[in-house]
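Peer 1: Here's the letter readout for the chains.
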Amino acid sequence: MAEATLSTVLKKSGKDIKASWARDLAAAQVSAKGRISAAELEQQASEFLNLLTKVAEFARANDIGASDFRQIREFLEGVSRSRAAQGFTSDETATFIFSFKKPLFASLKAEIGKDAEELVEQTWKATELLDSLGLHTIKAYQKTREELINRQQREMLELSTPVVKLWEGILALPMIGTLDSARTQVVMENLLQKVVETGAQIAILDITGVPTVDTLVAQHLLKTVTALRLMGAEAIISGVRPQIAQTIVHLGVDLQGVTTKANLADALALALRRTGQTLKA
Amino acid sequence: MNAPVNGESPLKSEHDIVLARQLVRKLTQELGFSLVDQTKMVTAASELARNAFTYGRGGSMHWEKTNGGDRRGLKLVFVDEGPGIPNLELAMTDGWTSGHGLGMGLTGAKRLVNEFAIDTKVGVGTRVTIVRWK
Ligand SMILES: Nc1ncnc2c1ncn2[C@@H]1O[C@H](COP(=O)(O)OP(=O)(O)OP(=O)(O)O)[C@@H](O)[C@H]1O
Ligand SMILES: [Mg+2]
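Line order of the protein sequences matches chains B and G.
FYI, in numbering that gives the first Met the number 0 the residues of the first sequence are 0 to 280.
FYI, in numbering that gives the first Met the number 0 the residues of the second sequence are 0 to 133.
The set of hints was computed from the structure by calculation and includes no laboratory data.
For every residue, glycine included, the Cβ atom is placed at its ideal position computed from N, Cα and C.
Among the clues, some could well be false.
To be verified - In silico DSS-like cross-links for lysine-lysine, where the CA-CA straight-line distance does not exceed 30 Å:
#1 K260(B) to K109(G)
#2 K138(B) to K10(B)
#3 K260(B) to K133(G)
#4 K74(G) to K133(G)
#5 K124(B) to K53(B)
#6 K222(B) to K164(B)
#7 K25(G) to K64(G)
#8 K64(G) to K120(G)
#9 K74(G) to K260(B)
#10 K222(B) to K74(G)
#11 K164(B) to K14(B)
#12 K164(B) to K260(B)
#13 K11(G) to K222(B)
#14 K11(B) to K108(B)
#15 K53(B) to K108(B)
As the list claims (entries may be wrong) - Derived contacts from chain G toward chain B, CB cut-off under 7 Å, selection only:
#16 L18
#17 L22
#18 L30
#19 L34
#20 T38
#21 V41
#22 S45
#23 E46
#24 L101
#25 G104
#26 G107
#27 K109
#28 R110
#29 L111
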């Protein structure tokens, strides 16, 4: 029985295999010094050997998608996640699995070397299994990296678009920098969401930090103003400096019907009046 | 050391549009444009750069510090090898867009500068030239 042989070898020579694997791992991971402790590596090696011994004994086929392999799959996903977080490359991460081949094949040879045909078959089976496990590890690594990058991108988008509550019922969105389409979309959706959550009556879109108001920016502003109105809230655009006002007029964009103010302070004063609130000194 | 009087910058990505705007801002400042005139030229450049990128499949912006009589000014040429504009009269109508814009880019840019010329051929590309004097 094929699986029985791998399992026999693992059970019988597991200790030796592990010792020589650990040496190879340590050598291969010199560059990784400091990123992972010897104890952690040792612990992962033991667990991998344990799980592999189990599947070699019980699994019916080398189909690592099967439920018999669930435990070892999850273990490798965990290893990938921690490697990605520790700053290992995908090669370095996969080496963990692929470097297991050499000591395993040596033990297979010692055990069944006399039967050449059987040795080839067992080596092939073991190769297939370890390759599948290695690929699974790489896939998990890539998935983790992608999630990491996506999260960072989202955080950046959110960081640059804070919606601040200025007063009871009054929100402000200070926009800063270049409003490219992707970011503007997020900014606007974020504002509308906050208006819903807080039940704000007035939202101030402050464009003091936006150097250029062209038709694209104007269109985003107008869409947001319209959406706010449909939600029953009112919009004030502040930070419309004289040069921006003149340019918008020549550009021909119609901001009539939109309340605009030169600065945030004027916008807040107006918002307070509209909501029937007063500032006490 | 003399600052260069002309140059070229690519319009191949969204980010290039930002860089083109920053370059035009810098050039108009070097020429001593007022804040209003700087803003007008930068905004016109933003419109034409975005059109070249969005409709013209990308292109480039050529710039030149130029003299006209006793005036100094900035000349910008936006060139792309995109599909061209089949109906220029329509494209030069306030509010007309073939996409999802406001349809104010071309006409707005024209109003923001002193000289405006457009040369376009279907299947060949589009070239828009603008000048603003100090
Ligand atoms: N470089 C170009 N190549 C091909 N077609 C163009 C080019 N520039 C403009 N057009 C066409 O002219 C139309 C009008 O352009 P214009 O810039 O005035 O409006 P828009 O880009 O549609 O909207 P926006 O107000 O946001 O600029 C465009 O919708 C497009 O069909
Ligand atoms: Mg346009």
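Peer 1: Against this structure, judge whether each hint is valid.
Peer 2: Going through the hints against the structure:
1. K260(B) to K109(G): 27 Å, holds
2. K138(B) to K10(B): Distance of about 29 Å is within 30 Å: holds.
3. K260(B) to K133(G): With a Cα-Cα distance of about 29 Å, the restraint between K260(B) and K133(G) holds, given a limit of 30 Å.
4. K74(G) to K133(G): 11 Å, holds
5. K124(B) to K53(B): 16 Å, holds
6. K222(B) to K164(B): Distance of about 21 Å is within 30 Å: holds.
7. K25(G) to K64(G): 12 Å, holds
8. K64(G) to K120(G): 27 Å, holds
9. K74(G) to K260(B): 33 Å, violated
10. K222(B) to K74(G): 33 Å, violated
11. K164(B) to K14(B): It is violated: about 63 Å lies between the C-alpha atoms, which goes past 30 Å.
12. K164(B) to K260(B): 18 Å, holds
13. K11(G) to K222(B): Answer holds: K11(G) to K222(B) is near 27 Å, not above 30 Å.
14. K11(B) to K108(B): Within the cut-off at roughly 13 Å; holds.
15. K53(B) to K108(B): Cα-Cα ~21 Å, so holds.
16. L18: 10 Å, violated
17. L22: 13 Å, violated
18. L30: L30(G) check fails; min Cβ-Cβ to chain B is 16 Å, beyond 7 Å.
19. L34: Where the cut-off is 7 Å and the nearest Cβ of chain B is about 5 Å from L34(G), the hint holds.
20. T38: With Cβ-Cβ at 4 Å, under 7 Å, it holds.
21. V41: 6 Å, holds
22. S45: Holds: closest Cβ of chain B sits about 4 Å from S45(G), inside 7 Å.
23. E46: 6 Å, holds
24. L101: Check passed: Cβ of L101(G) comes within 5 Å of chain B, closer than 7 Å.
25. G104: 5 Å, holds
26. G107: 4 Å, holds
27. K109: Hint violated; K109(G) Cβ to chain B Cβ min 9 Å, cut 7 Å.
28. R110: With a minimum Cβ separation of about 5 Å from chain B (threshold 7 Å), the hint on R110(G) holds.
29. L111: L111(G) check passes; min Cβ-Cβ to chain B is 5 Å, inside 7 Å.
Of the numbered hints given earlier, the model fails hints 9, 10, 11, 16, 17, 18, 27; all others are met.
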